[in-house]
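Residue numbers (our numbering), protein chains in the order written: chain P, 1 to 555; chain A, 1 to 317; chain F, 1 to 292.
No lab work stands behind these hints, which were simulated from the structure alone. Predicted, not measured: the structure shown is a model, and the values here were computed from it. Not one of these hints is a red herring.
Here are the simulated lysine-lysine pairs, PhoX-like style, with alpha carbons at most 25 Å apart: (1) P:K346 / F:K116; (2) P:K294 / P:K508; (3) P:K391 / F:K18; (4) P:K294 / P:K305; (5) P:K346 / P:K294; (6) F:K282 / A:K125; (7) F:K18 / P:K24; (8) P:K410 / P:K452; (9) F:K192 / P:K452; (10) A:K125 / P:K24; (11) F:K192 / P:K391; (12) P:K24 / F:K282; (13) P:K42 / P:K211; (14) P:K305 / F:K116.
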Amino acid sequence: MTERDANETVLQVNGLCVSAQNRKRQLTPIVTDINFSIAAGKVTALIGESGSGKTTISLACLGFARAGCVINAGEVKLGSVDVLTLSNAQRRAIRGKDIAYIAQSAAAAFNSALTLNRQVTETAVINGILTQTQANEKAISLYRELDLPEPETIGDRYPHQVSGGQLQRLMAALAMMCDPRLLILDEPTTALDVTTQIEVLLSFKKLIRNKNTSAIYVSHDLAVVAQIADEVLVLKEGREVEFGSIDNIISNPQHEYTKELINAAHVMPEQLPESRSPLVDGDGLDALPLLIVKTVTAGYGRSHKYLALHDVSLEAYASRTIGVIGESGSGKTTLGRVISGLMQVKTGSVALSGQPLDDAINLRDREQLRSIQFAFQMADVALNPRHRIAKILGRPLAFYFDLPQQAIDKRVAELLDLVELPAEYAQRLPRELSGGEKQRVNLARALAAEPKLIICDEITSALDTVVAKSILALLRDLQNRLGVSYLFISHDISTIIKMADTIAVMRKGRVVEYGTTPEVMTPPHHEYTQLLLNSVPAMRTDWLDNLQDNTFSNQ
Amino acid sequence: MTLLRLIVQRLLLGVAILFVVSALIFIGTEILPGDVAQAILGQGATPELLENVRIRLGLHDPAPVRYFRWLGNLLSGNLGTSMVSGADIGQLLGERISNTVMLASATALIAVPLAILLGLLSAIKPNSMTDRAISAVSLSLISLPDFLIAIVLVMVFAVKLGWLPAIANLRPGQDFFTVARMLVLPVTVLVFTVLAHMVRMTRTAVINVLSSPATEMAILKGVPRWRLLLVHALPNALAPIANVVALNLAYLISGIVVVETLFNISGLGRLMVESVTTRDIPVVQVCAIIFCAVYVLLNLLADIVAIVSNPRLRYPK
Amino acid sequence: MKTAVPKVDNALPASGFKYLLSQLTLTPILCLLVLTGVLIVVLFAPLLAPHPEAAILTDESFSLPDDTMLLGSDFLGRDVLSRLLFGARVTLSVAFAIAIVAFILGCSLGFFAAVKRGWVDSVLSRSVDALISFPAIMVALIVISSLGSSITVLIVTIALIDATRVYRVARALGMDIVVQDYIEAARVRGEKMGWIIWHEMLPNALAPLAAEFGIRFTYAILFISALSFLGLGVQAPQADLGVMVKENMQGLLYETYTPLYPAVCIAIVTLSVNLLVDWFLKTTDAALPDEL
Chain P
1 MTERDANETV LQVNGLCVSA QNRKRQLTPI VTDINFSIAA GKVTALIGES
51 GSGKTTISLA CLGFARAGCV INAGEVKLGS VDVLTLSNAQ RRAIRGKDIA
101 YIAQSAAAAF NSALTLNRQV TETAVINGIL TQTQANEKAI SLYRELDLPE
151 PETIGDRYPH QVSGGQLQRL MAALAMMCDP RLLILDEPTT ALDVTTQIEV
201 LLSFKKLIRN KNTSAIYVSH DLAVVAQIAD EVLVLKEGRE VEFGSIDNII
251 SNPQHEYTKE LINAAHVMPE QLPESRSPLV DGDGLDALPL LIVKTVTAGY
301 GRSHKYLALH DVSLEAYASR TIGVIGESGS GKTTLGRVIS GLMQVKTGSV
351 ALSGQPLDDA INLRDREQLR SIQFAFQMAD VALNPRHRIA KILGRPLAFY
401 FDLPQQAIDK RVAELLDLVE LPAEYAQRLP RELSGGEKQR VNLARALAAE
451 PKLIICDEIT SALDTVVAKS ILALLRDLQN RLGVSYLFIS HDISTIIKMA
501 DTIAVMRKGR VVEYGTTPEV MTPPHHEYTQ LLLNSVPAMR TDWLDNLQDN
551 TFSNQ
Chain A
1 MTLLRLIVQR LLLGVAILFV VSALIFIGTE ILPGDVAQAI LGQGATPELL
51 ENVRIRLGLH DPAPVRYFRW LGNLLSGNLG TSMVSGADIG QLLGERISNT
101 VMLASATALI AVPLAILLGL LSAIKPNSMT DRAISAVSLS LISLPDFLIA
151 IVLVMVFAVK LGWLPAIANL RPGQDFFTVA RMLVLPVTVL VFTVLAHMVR
201 MTRTAVINVL SSPATEMAIL KGVPRWRLLL VHALPNALAP IANVVALNLA
251 YLISGIVVVE TLFNISGLGR LMVESVTTRD IPVVQVCAII FCAVYVLLNL
301 LADIVAIVSN PRLRYPK
Chain F
1 MKTAVPKVDN ALPASGFKYL LSQLTLTPIL CLLVLTGVLI VVLFAPLLAP
51 HPEAAILTDE SFSLPDDTML LGSDFLGRDV LSRLLFGARV TLSVAFAIAI
101 VAFILGCSLG FFAAVKRGWV DSVLSRSVDA LISFPAIMVA LIVISSLGSS
151 ITVLIVTIAL IDATRVYRVA RALGMDIVVQ DYIEAARVRG EKMGWIIWHE
201 MLPNALAPLA AEFGIRFTYA ILFISALSFL GLGVQAPQAD LGVMVKENMQ
251 GLLYETYTPL YPAVCIAIVT LSVNLLVDWF LKTTDAALPD EL
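Bound-form chain P, shown alone (with noise of 0.2 Å):
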């Protein structure tokens, strides 16, 4: 590696503009007018949400468009060279060996029939600047570099052989193959589990560290690109709206946007919200719990061969909500499907206000099935793309109470009313919504029941922060006002925290740890939750390095 000046720019973007082109070949503009450069060694990042064009941009750099857009203003000057304006053979020439890409998910972007070696060697095998044997060494030196393990032979795998982490991370050697001048990373952390989104972010740090690569790094989570960012750039809509050090944006946000970004980030309460007082019947005693799960043993396949959930049990009462944490494969899901029947006990009893209830939903009565709804995860598919909001919500009216037409009509616009949305949503299809909204109308069909607990399962994640922070605000506005409880499922434990009373944290199908927030949150915590905890950035520049000294030093 030859030390490259620092004051260099490597990358120089001007007036950049990308639009889709519909068939009739009318612009509609993605991305306007964009301005940035990157010094060498230093690292820029691109914030927004979805639909803010970051991902957009950053092909832009390499002279692509996805199919259905054009590159229709602008240039991209890589050191002296403008990116568009090179014929396809010689962008080409450059994507691999200047400007290398990093894909957000690794585990589709491999080619499944290829060697991993095969495709982390390619480019530097066919544009002539290895042998076969030097890039073979070469990858194994990478391999290494980002802790990934038995180096020497990893690249003799396929990629469905190794993890999704291992993945991203034999990404990241396949991208620093050439030594290119640019990286670019488009939230390469986002498809990973939670705590191995740590480890893949502190290798990516100390490989941009140790070349002295210039990147841009893709991310919707302010929070994570402060680990690894010197400069931001803020985007909504297709256009900037802030550009600055890292440090800046997080201490002095100067735009409306940018303060929202930060406040809805996921990142830790400074403080536990305060304890709700226990909850007392009628006679002064406390209450008793609205649903009780009891040792519940239960699987998939043929009589529970693959067992999900071992022995779980937990409680949640009446207007509270009890937050259930895990990462994928913790059994989260399943405990939400064993609660609404669809999905049955091995062994094990889940009972409601004290009544056992059946496992077999068919068996279970209307009052029961009205008790417990359930709000899915992605909006998108959880609403009949045919039906009407009218449709949608006025089913469960019908299936419910029986009202007639009149009544229903009148009780849809109240719901709708209640999620705060307008009344002539009624006549909407689902996809004439956004996502924040269809995730509205989702709780609003649970509400139509009037249900005793509402089962959310992740129901925020899939939405951007902002529209997830105001979706949360409405949770806890209903509960106060309705006094409906909520068993809260996410695999983010600083949304937990906001939302519960109290805190299952389940890894494997087992609970792990449980107890009222203030406990499970009192140290000492449960190994595993410990590591939870330290794998929620905090909105610092320093949180990463300084977690290295702690839990992640051993990996």
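Given chain P, work out where chains A and F should sit, using these hints.
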């Protein structure tokens, strides 16, 4: 090893399917009609005569016994005799099989590579002029009955221009040039009938592979187009393409039956049609078994190609 | 997770049908016109035909077109035009019956298997696999060899063959829909199976199923014509497009176009349906990107 076990499993399944197929053919031809003796002798037959034939054919035995006797005979190479001509079926088949195989393999040799090529061409640039032209032509070809294509070709090349014979009277001892000249029209018609489906399905399969994030990644790391197609896309498209080819054998078989009748080619397909017309059940059974067995075996082959080309199965976790 | 997929067309119209109308171009309009014409022929053939289908009007085979016989005579001296009208009526109504039967059978079983899963699905799917391991023409030939070729046998046999294909499409569609959360939502609500299939699943499968019906219909036309052409379909005195091609094949030697007319009629109908389906698939695909 998993791969080997999967292949063996598939082979055993293939054998099982062949059994089921043979049983269904037997049931379809022997049990449904009620009385074969009646069928042979016609409505005017006397009861004694009918009874004689029934005893001679062993029709009084229970169906499973007759099935296994028939299957045993088939497997030992005793194909039986034709009810209509009394000829030995084995002899009847001899040269007809070779004619049909010649027709089918000539078609496959031309159609399969051509279809894959055209499918790839239109998949590389969806909605380009090439793609639209190929799509329009293949859609039209799918819509045309095979005899329409045949009639037009015969009208132009045999009747008007007189370049090629209108019928293909294949006989042993003809030299290569004569045979080739006679086969030009039938093979062309067959290629047209199977090509269109194969092109469309190959296009879909390749587009599926090309629209994956892995392809975008390959572009973004500077892989040239030819390499993208041959090294990155083709291994992934192999399984679906093999599947497409196997699926279209069904069209080839029905095409063969029509084309052999149209061009008067003495082959298995025409033999079968004639036997169905005269209700020569033993011949129908043998022909059906041969066609179905070839179909099942080639489908099996496609399955195995799909298994072998999948690294997830070749190298389990 | 999520990528910023550009939405080109933000203002999607509310009604799918209105949208389809707005997307009509020349080709689908032409196809619709042709098919309307064909429908009129099928319904009113006896009124439209200038002569009875079996009447022998001249002793000249393959006579040239004149005022009484607009398309000339066939090999027996019958009016080709009249026979075409009657033949189209037979071929198309038989094909339509086949497609309808195949569709009702295949769709209901396919959806049933998708919703029920478990052993119901296994039994149905394995039976269909067994039937599909025969090339379609073989099944037809085997059945015809034993039962003869009456119209009923033809319709039932080909419909059964076709139903296996419809079953696969319907089951795959059903499987895709059944795992969607809105079906789950209906089940948590406690809805009955019938309601779920009718109200939640069917509306979402309608577009691909409509396209599939078009494809099945053309397939049935081609199949029944091929059988008739082989002499194993609709039987000779009755006019049928495939039969007409077969009867008049010798006309090729006299350089007449007679065998071409029925073949072209078939091609016009199948081509129109296929083009319409193609347009429909492309249009609905573009209109409902989040749903397919």
